[in-house]
Every structure is written in C-alpha cells, then in structure tokens.
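Colleague: Protein chains in written order, with our numbering: chain A, 1 to 79; chain B, 1 to 309; chain C, 1 to 491.
Using 30 Å as the maximum straight-line C-alpha spacing, the simulated DSBU-like pairs for lysine-lysine come out as follows:
1. 61/A with 281/C
2. 149/C with 69/C
3. 93/C with 195/B
4. 51/A with 314/C
5. 362/C with 67/A
I should point out that these hints are in silico values taken from the structure, not numbers from a laboratory.
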Amino acid sequence: MTDSVYEIVAKVFAISINDITDQSGPENIESWDSFNGLVLVDELENFFKIKFSISEITDVKTVADIKRHLKNHDVIVDE
Amino acid sequence: MNFTLLFSVFAVIALVSIIFSFSMSVYISVYDSDWYGLFSKNVTNQLEKEKIFLLGSSTVYSVNSTILNHHFITNEIEYEFFNLADMSDSPKKRLHSLSNIISNDPNIVIYGLDIGNFRIENQVPIPTEEIILHPQNFFLYQFDDFMEPIREKIPGSPKDRSLSTLKYFLFGPQPHHHPFINFYETQITPINELKENTLINDSYQVLDLSENSEEIISLKKIINELKKNNIKLIIFSAPKLVNDANENDIKLFEQTLKNYSEKYDIPIYFLHDEYMDLEIWRDSQHVAINNNTQIYTKDILEILLKEMK
Amino acid sequence: MLFNSLDFLVFFFVVMCIISFFKFRRFQHLFLIFSSLFFLYYTDNYLITLLIFTILLHFYVGREIFKSKNIFRKKIFFIIGIVGSIGILGFFKYTDFVITQFNFFGSYLDLGSEIPLLNLALPIGISFYTFQSMSYIIDIYRGSLQPSKTLKEYAVFVAFFPPLVAGPILRANEFLPQLREKISQNEISQKLKLFVITNQNLKFGITLMSIGFFKKMFFSDNIGPLVNNIFSNPIGLESFSIMIGTIAFGIQLYCDFSGYSDIAIGAAAILGFKIPLNFNKPFFASSPSDFWTRWHISLSTWVRDYLYYPLVFKNRNSNSLVFISLLISMLLMGIWHGASWNFLIWGGIHGLFLACYTILRKNFSSNSTKKFFKSKIGKITSILITQYLVFFTFIAFWMKDFTHMAYAMEKYVFLDFATEGTIQIIRDNELPILLIILFGILHFYSYKQGNIVEKISKMKIHYWAGILFVFFISIAMFYVGSAREFIYFQF
Numbered sequence: 001m002t003d004s005v006y007e008i009v010a011k012v013f014a015i016s017i018n019d020i021t022d023q024s025g026p027e028n029i030e031s032w033d034s035f036n037g038l039v040l041v042d043e044l045e046n047f048f049k050i051k052f053s054i055s056e057i058t059d060v061k062t063v064a065d066i067k068r069h070l071k072n073h074d075v076i077v078d079e
Numbered sequence: 001m002n003f004t005l006l007f008s009v010f011a012v013i014a015l016v017s018i019i020f021s022f023s024m025s026v027y028i029s030v031y032d033s034d035w036y037g038l039f040s041k042n043v044t045n046q047l048e049k050e051k052i053f054l055l056g057s058s059t060v061y062s063v064n065s066t067i068l069n070h071h072f073i074t075n076e077i078e079y080e081f082f083n084l085a086d087m088s089d090s091p092k093k094r095l096h097s098l099s100n101i102i103s104n105d106p107n108i109v110i111y112g113l114d115i116g117n118f119r120i121e122n123q124v125p126i127p128t129e130e131i132i133l134h135p136q137n138f139f140l141y142q143f144d145d146f147m148e149p150i151r152e153k154i155p156g157s158p159k160d161r162s163l164s165t166l167k168y169f170l171f172g173p174q175p176h177h178h179p180f181i182n183f184y185e186t187q188i189t190p191i192n193e194l195k196e197n198t199l200i201n202d203s204y205q206v207l208d209l210s211e212n213s214e215e216i217i218s219l220k221k222i223i224n225e226l227k228k229n230n231i232k233l234i235i236f237s238a239p240k241l242v243n244d245a246n247e248n249d250i251k252l253f254e255q256t257l258k259n260y261s262e263k264y265d266i267p268i269y270f271l272h273d274e275y276m277d278l279e280i281w282r283d284s285q286h287v288a289i290n291n292n293t294q295i296y297t298k299d300i301l302e303i304l305l306k307e308m309k
Numbered sequence: 001m002l003f004n005s006l007d008f009l010v011f012f013f014v015v016m017c018i019i020s021f022f023k024f025r026r027f028q029h030l031f032l033i034f035s036s037l038f039f040l041y042y043t044d045n046y047l048i049t050l051l052i053f054t055i056l057l058h059f060y061v062g063r064e065i066f067k068s069k070n071i072f073r074k075k076i077f078f079i080i081g082i083v084g085s086i087g088i089l090g091f092f093k094y095t096d097f098v099i100t101q102f103n104f105f106g107s108y109l110d111l112g113s114e115i116p117l118l119n120l121a122l123p124i125g126i127s128f129y130t131f132q133s134m135s136y137i138i139d140i141y142r143g144s145l146q147p148s149k150t151l152k153e154y155a156v157f158v159a160f161f162p163p164l165v166a167g168p169i170l171r172a173n174e175f176l177p178q179l180r181e182k183i184s185q186n187e188i189s190q191k192l193k194l195f196v197i198t199n200q201n202l203k204f205g206i207t208l209m210s211i212g213f214f215k216k217m218f219f220s221d222n223i224g225p226l227v228n229n230i231f232s233n234p235i236g237l238e239s240f241s242i243m244i245g246t247i248a249f250g251i252q253l254y255c256d257f258s259g260y261s262d263i264a265i266g267a268a269a270i271l272g273f274k275i276p277l278n279f280n281k282p283f284f285a286s287s288p289s290d291f292w293t294r295w296h297i298s299l300s301t302w303v304r305d306y307l308y309y310p311l312v313f314k315n316r317n318s319n320s321l322v323f324i325s326l327l328i329s330m331l332l333m334g335i336w337h338g339a340s341w342n343f344l345i346w347g348g349i350h351g352l353f354l355a356c357y358t359i360l361r362k363n364f365s366s367n368s369t370k371k372f373f374k375s376k377i378g379k380i381t382s383i384l385i386t387q388y389l390v391f392f393t394f395i396a397f398w399m400k401d402f403t404h405m406a407y408a409m410e411k412y413v414f415l416d417f418a419t420e421g422t423i424q425i426i427r428d429n430e431l432p433i434l435l436i437i438l439f440g441i442l443h444f445y446s447y448k449q450g451n452i453v454e455k456i457s458k459m460k461i462h463y464w465a466g467i468l469f470v471f472f473i474s475i476a477m478f479y480v481g482s483a484r485e486f487i488y489f490q491f
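Please work from the sequences and hints to get the whole structure.
Modeller: Below, the structure written as structure tokens:
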C-alpha cells in the first residue's frame, strides 16, 4: 500500500515518485501548500474510502504521518 | 561546551574589536579630527575664505550650512561655514579633537552647549520600587562605571565613519559642509504629541556645574586654548523643546554661562527656550531638518553676522 | 530585552554557562523557567503577571479537557481556555481600537458623549504566547496531544525565552517531546531530560545567531533610513521611487523579522532545541500560496491549522466558501499584527490574492499550464508576478495614513515612467541601494544553495571563524548607533 500512497502524493504534488520518502513533507516538497494539502486529503479519502478528521490533517508533517493515520483507519500499509 | 569553539568565537570578537578601533582612528588621522566635519587639512588650508566652525552635539545638527554658505556667497561675505556637530558630544569629548580644530585654523568657533552635557549620575542609592519597576535601569547603573570608558570610545555612528573613510580612499578628500554623512530632511512631529509623550526623568541625574566637574574643566580648557590661538568663540545654549531639568537647574545653567561670558569676555546667546512654541521639532530634543524649520539656521546666521561686525 | 543589545549577549552567555556547568536536571529546568521570566521581567516588569496567569490557566484547562470524559465538560473547559487567551489578547491589544471606532461612529450619529481610551501598555510578546497556549489546548481538545504532566514542563514551553517576545510561535507537539528523555529511537519517556550543550548545536546556533544579527544590524538598520525617507511622505513621488520604497521596506522587514527569528532559533539550538524555520527565502515564492509557506511560517501554519482548515474542511468543494474562508483567515492574520486599519487592509489584500489564486487553480489547472509553470520561463514569470503582488501589500503594512496609502498604491499600479526624482533618491541613498543589491545577490545565492546555515556550520573551524569574522566586522563597521527595536516587537 506504500506504493499507492507514494503514487497519490507524487500525482498531487506533480513530482517524481522516486523523490518521495517517508520523510518527505511540506519542508522539502515545494508544491506542498495548504491548497494541495487539501487536494491530497481528497485523493486519499477517495482512494482508501475513508474520512479523515481535522486533527489528523493538521497533524500531518511527513508522508510517514499519512501512513500512520491510514493505519488508524485500518488501511494496511507496508513498512 | 567545547572550548576551542568558544575560544575561536572570542578570538574573532577580539580581532574585530582591534580592527574596529584601528579603523575608527584611521578615520581620525585621515580627516584629522574626531568629528563629522569631513575635510582634510591640506584642502581646508587651501580655502581662501575665513572659516567658521560650529561645535556641539546632535542638538546643533540641524543648522543648515548650505543656507548659511549661500547667504555668505550672495552677500560677498568671505566666510565659509562648517557644521561639526558630533552625536552625543560634550566638552569632555570635544577636548580630544581640540588640537585638530585649532590646526584647521578657524576664524570663529560657535559652540552650542546643552544643559544635558553637565548632568551626571546621581550617586544616591536607588529606591527599591524603582529597582522593581525598572530592573533594566538598575542593571545599567550597576555596570555604568565599567561600560562608560568603552562607550566613550565607540563613535556615535561607526557607519558614518566607515563610509567617510571609504569615500576618502575612493574619491580623495572633499570639502564637506555637513555634520553627518547624510543630511536628510526629517519630518516635523506635532508639538502636542511630543509634549505628551516626553517624560521628564531627572531623578537619577543631577546638574553639576561646580569647578570640579569634568565637563566644566574641559570647557574652560577649550575656552583658554581658543583664546590662546586668537580664535573668536561664541557660545549659545542649544534649543530644546523639553529641557529635561527643573527650573532651578535651568536658571543655574544660564547664570553659569553668563558668568563665563563675563569672565572670559565671550558673547553668549540663549536659544534653549527660544522655540518652545514653534512647530519645528522632530523630537523633544532635536529641531527637524526641513524647509519650515529654517528659523534655527537663520538665528545662528544673525548671531554670526552680528559678531562679525 | 532586545536581542541586539549587550544586555542580551551577557544574559545569554551567563545562562549558557550556568546550564552547562550545573548538570542537575531538576535545577536546569527551574533555572530555565526563572531566566525566561527574568528575561521578560527585565523590560516588561509587572506585565509579566499576564504570562504567569496564562501559563497557570492553560495548564489547568488543558489537563481538565484531557481528563473529562463528558463532551459537555470538555467543551466548557475548552471555551474557558480560548476565552482566556483571546480575552487577554483582545483586552490589551484591541480595546482602544474598538473604542476609537465606536467613538467615530458615535460622533457620526451625534451621540454626544465619547468613551475614554484606556491607553494600556501592550505587554511584550503577548500575541505570541497567547497563540502558543491556544494551540496547546486546541490540540488537546482535538485529541492529538497529551497535556503536560507537570507545570514545570508546561512553563518551560510557554515561557521559553528565545522565541518569547517575537516568535517563532512554538507548537506543543513539536516542543514538549524535546524536553523529555529519549528512551529509544521512537520512544520518549515522561521524564524531563538533561540539557547538554553539544559542539554541533553550539556551532550551528552561533552561526544562525550571527546571521540573524547580520541581517538585522547590517541590512535592516542600514536600509531603514531609505524607507522612512520615501514612505513618510510619499505624496508627489514618482512611481519608480515608490517601487524602490516598497522593495527597500520588504527587504528591511524581512531582514528585521527573519533576523530576529534566526537569533531565537539559534539561541534555542544552542540549548538543544530544534525550532522549525520561520522564513524560507520568501522572495522566491512563485505563487501567493507559496509565499505563505515561506513567510512567517509559524504564524501562517497556525492560521492554517486552527482557523482556515476548520472553516474550510467541510466545504472544501464550494468555491465561494473557500474564497470567504481564505479572506476571513487572512483578515484575522492581518489584524493580529496590530490594532489598526492598515494591517487589516494588508491582510485583506493578501486574502484576496490567495482566494483568487486558489479559485483559478481549482478551475483552470490543465496539464499544459502545469507544464508551463514547471519550465524555467514559467517559473521566472510566476516569481516575478508573485513578488510584484507581495511588494504591493507592503505599502499597506507600512502606511497608516490612508491618503498616503492610496497615493502610493496608485503610483505602484499605474506607472508614470518619470525618472528624475528617482535618480535623485538613488544618488542620495547610495548605501541602502547598494545593500539592497547585495541582499538580492545573497538571497539568490542562498536560494540556489539550499540550507546555507547547515553548510557554514559544518565547515572546518578556521573557515567557520573566517565567515564569522566577515559577519562581525560588517556589523561593527556599519553599526548605526543606538540599538533599534525590532519591527516585530510591537505585535
């Protein structure tokens, strides 16, 4: 499932999937701003058929955080 | 903590301090003075006109030499005026550069004195409530004896000095009539606003006009030296909107100046309370530089014209 | 205490020495609280009680919110906490502003009497520490943060002196774990940790602090006079002069505030705390929203997380609601800077830019436009347009006088192409102009180089000392005189 998270992140921020690691976040992805952040939420919610809460969204600082929250929604994420 | 690291930081600070103090004095040797009047000795000696030097602190900064010199030229008066104001200047500080002033051979020296020059720290213990309410001041007082000598060595604006030196090396000496490197127009602040916002804090400073005061001793030395060299001295009290002293002190200040005037035969003019109702102030201590504040410059001109006769 | 004063340097050096010589954790934490309180007390004397009150209130409220099982009880405590911080902030910062507006309308309606102004002193740092404590209880309320176990720990977080008076605004979930002992890679105990000043941190911190002083004292203070010259009476000036004024002010403000942040982050780094960057080359932002990921990041993310997201979260597909939410968020961010209309206007303009940009992006983002903006020309174009807009807003940030503001904005937008006066201004202000150019070069260099602070602090010690020498000597030689306040102190 890691791959699909990476794919979605790559698509939303228009960057290459090879540039993404678990440590990627707004600090090192230039196009990661509040607008794209919400687009990412939409994409993830649609793909995994879940709903995030606002605290989960504001808590996300890296891709690893996304995976952690997905896990909490019982989405299986590979380590 | 790593001591090599801290040591290198302190070494850098020490090196910077040495270079800094050296270059600040390079300025002095280049310009032959401790002031902001920027001309080299050989240039001023080539000037054919008689020279008038204005001395004083930032309170005389706004006397506009361009206007004065323009008046001299149009009326064919063979004098040239230089404003040598220096930030937070006092007789004691000025004494350091007195020999330079004399060697530049002025005909007239006009000196703006300020009551603030003669105020010193009050040595009485500070009340506890003052310490509690203003801890900052408390610490400042504690370390004042230690800091004062260092502070005296740092010029009012190192920037101006560095730039002047730089200019000298790049473009050579230039006659320069203004006290600071920039002579900006400044805004007039409404007088009511200034009066409201100015707190008079005279509780920790006292006026010392006694014969033992360092400033008075320096002032006397300046007077004597100028006399010895046949340089005419005119003294005036620099204008202020708010004199941060009580009325008795101001009277004492006036009286002292009058006494010196009689004793040494120096003309004296009082401007310190002259403009208190005029809308010409930048802040409570300084007249703004502005087309509408020319009264200050014009009064100085009048004094000079009167004394030249 | 001003950072660019000898007082601060002495204070900081003493704190640093004491912390590194007395290695008892209990002492260290108490000492840090004590020195932080002293730091504020030094300039703000009795207003320090507000900080202490805020700490006690939010510590208690945070704990109660966390403990309450009952949603209603949770809400009550949450509201108490929020009202507490907004109440203090509002009372001290905005009361007179509101009274002035009220009196203005009163005189318009001929009510006859006026409410007297309170003329309260603005407590230093209040805008920063109230926001910090609000984020703490909001996070607890949302369930994404566990409250501090001890008052001591919480007090270090709120009163921590480097960012106390002018930011960056800290987040509890980033800061609190740094106070605690690390057990393993991923586990942190509840026990407070021992502060050790490491070499690496010391070198990094000194580098960052020096850069901060350099920005503030070399650039900001020396560019300032040009700004005052142009902006204090802009009427009658040419378009290009106004533009020079806005460029100078933008750079002055950036150097001033990011310099302050750098000193704060550097000082914290020496003590072993990692505070995220507050500025990230804002003048290379390529869109209004990119700008806000680079300018005053700690405030913009605060507004995003606690204001914008809650407003927009449920309605993110409605154009008009996104538009309005952005506008409201930015208006509030504007007024956060100070109780006056010009900051509100400043925020409003930024809000409009952001809202328009977001709507455009939502509805017209085809692949070809994306491709264009990824190309070099596209990127340069978008940076230039963004910066043109950003610098436009700085006019509102500076000018409190509406006729001045309107005139300057008109001249900035409708160019008159006159040059005579501008050339004179450039001639009269050679130094600030040269510094602006130098700043541009350095800003570009650090943009290209990435993390320049990291690079400098990893240099060999003699090269590193050489760089420090360049910073210190430029500061000393171009020192303007008496210590000047940081612009952001007033907020």
